[in-house]
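Peer 1: Residues per chain are reported as follows:
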Amino acid sequence: MAARRALKAVLVDLNGTLHIEDAAVPGAQEALKRLRDSSVVVRFVTNTTKESKQDLLERLKKLEFDISEDEIFTSLTAARSLVEQKQVRPMLLVDDRALPDFKGIHTNDPNAVVIGLAPEHFHYQILNQAFRLLLDGAPLIAIHKARYYKRKDGLALGPGPFVTALEYATDTKAIVVGKPEKTFFLEALRGTGCEPEEAAMIGDDCRDDVGGAQNVGMLGILVKTGKYRAADEEKINPSPYLTCESFPHAVDYILKHLL
Amino acid sequence: MAVWSERLAGVRGVLLDISGVLLDCGAGGGVPIPGSVEAVARLKQSQLKVRFCTNESQRSRGKLVGLLQQLGFDISEAEVTSPAPAACQILKERGLRPHLLIHDEIHSEFDKIDTSNPNCVVIADAADAFSYKNMNKAFQVLMELENPVLISLGKGRYYKETSGLMLDVGAYVKALEYACGIEAEVVGKPSPEFFKSALEVMGVEAHQAIMIGDDIVGDVGGAQRCGMRALLVRTGKFRPSDEHHPEVKADGYVDNLAEAVDLLLQHLDK
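In order, the protein sequences belong to chains U and Y. Here the first sequence stands for residues 1 to 259, where the numbers follow our numbering. Here the second sequence stands for residues 260 to 529, where the numbers follow our numbering.
Next up, chain U with everything else stripped away, as it sits in the complex (with noise of 0.2 Å):
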């Protein structure tokens, strides 16, 4: 890597990299605080279609990680920016617990739509009502495609196939918002006054994170920890920047070789 521009940014993921689930991973908030202590910026970004970042927040809290809400950008915030960019009203087929990330935003006479992993509004009736304002030139703005997911008593669809539906009734496509879409990243890093060039991320998923980082110019570092399999690293090409064994590895080879 040679004509790169000195690291200024740092994308750092949740689940899985700096925490898993309810535990932290060792030694991790005490290698946030030394890549804070050092010139970077950092920010805090995350796929997720029912936790709001009140929620997220509370979680980092108890898990004694040093980190403010203005410094997490999550899947739900780049559809609540993009609501506001297009300034239209969506109908919003998101989980209630995520609701708290749209707070302010009319939903009356509805002209776009928003949809996540809402279950409990994947009715017939109500996916027709979205169908419709389809049909009439409201944009599909999904807070991401997952196929499936897996729950207690098994496998359940993820929002990805209702996005489908709507776009194969409607022959329009979705504006996907999540990682690994390049916008996601690009509006991360938005108000840090970066360049992608001059920003790494750090995550657990090789081709969410890592893939999808590396797509606009960042540099991919792949963490060994939460859902990494072995040989992940070879699910990419061009391969990750750097594999490590973890979040702490990670800071360190940062702090030493990248600033």
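For the record, the hints were derived by calculation from the structure and aren't laboratory data. It cannot be assumed that every hint is accurate.
On the chain Y side, residues computed to face chain U include the following (Cβ under 8 Å) [as the list claims (entries may be wrong)]: (1) Ala386; (2) Phe389; (3) Ser390; (4) Tyr391; (5) Phe398; (6) Gln399; (7) Val400; (8) Leu404; (9) Pro407; (10) Gly423; (11) Ala430; (12) Tyr437; (13) Ala438; (14) Ile441.
Derived lysine-lysine pairs resembling DSS-like cross-links, with alpha carbons at most 27 Å apart [as the list claims (entries may be wrong)]: (15) Y:Lys396 <-> U:Lys50; (16) Y:Lys508 <-> U:Lys150; (17) U:Lys103 <-> U:Lys8; (18) Y:Lys508 <-> U:Lys173.
Note that beta-carbon positions come from the ideal geometry of N, C-alpha and C, so glycine has one too.
With the hints as your guide, set chain Y onto chain U.
Peer 2: This is chain Y only, laid out in the frame that chain U set:
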């Protein structure tokens, strides 16, 4: 229009779509599209052979025909090609035991089918039964199969009810296809086998037949791919953009079935 005589030359048989051409369905059954009752009657009095070809899977064939008769249409069950009976035949031939994601109204069509220990999923226009829970159940059945088989009765995007446009089975088929990474087998329009079986019963060759429907892709595109001609009516689910469809161009666009029948009878081979 002289051009119509060329476009309609040699037509001996007519396939009619039902929903959106004969009637608009809705609460309490449906309402006939103006002029369609008389148009069907005139067609049947002519020398043209007539058959009805529908993807209706929210009502049984018997219920649908009963409703049409009530509205004044001259139609009998034997004149209707519909997907549920065709699907039953496929299930029997291949020893498939379906998990059924279908509307309560058509369960009777699957009375004689073994549904224990399912080894495939059959999906039809289930309307309100397309809940997350029911979709998830079908998804789980498919994911547990080594060779997931998904059979869909039609693949329409949407249809028209009196209250407005409604999501059709195709949207939900796409959802399951995407979730499981599979492709459904379609029984019904636009599958060529389905059109061919209707033509066989009529005893008419594809090049002598014309399809009249309100679905530019399912009716018009599907029929044309079988070598038939096809007219699009500006009733039912028709939207002005359908006349500029990027892939499908109808052999003619007419305001309604009545106009189509006027033209057909006017240009009949004497």
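Peer 1: Now tell me, hint by hint, if it's right for this structure.
Peer 2: A quick look at each hint next to the structure:
1. Ala386: holds (6 Å)
2. Phe389: holds (4 Å)
3. Ser390: holds (6 Å)
4. Tyr391: holds (4 Å)
5. Phe398: Constraint on Phe398 (chain Y) satisfied, holds at 5 Å.
6. Gln399: Holds, because the Cβ-Cβ distance from Gln399 (chain Y) to chain U comes to roughly 6 Å (cut-off 8 Å).
7. Val400: violated (11 Å)
8. Leu404: violated (13 Å)
9. Pro407: Pro407 (chain Y) check fails; min Cβ-Cβ to chain U is 13 Å, beyond 8 Å.
10. Gly423: This hint holds: Gly423 (chain Y) lies near chain U, its Cβ roughly 6 Å from the closest one there, short of 8 Å.
11. Ala430: holds (4 Å)
12. Tyr437: Result: holds, 4 Å to nearest chain U Cβ.
13. Ala438: Ala438 (chain Y) check passes; min Cβ-Cβ to chain U is 4 Å, inside 8 Å.
14. Ile441: violated (11 Å)
15. Y:Lys396 <-> U:Lys50: holds (22 Å)
16. Y:Lys508 <-> U:Lys150: Not satisfied, since the Cα-Cα distance of roughly 45 Å exceeds 27 Å.
17. U:Lys103 <-> U:Lys8: violated (32 Å)
18. Y:Lys508 <-> U:Lys173: Holds, at about 23 Å.
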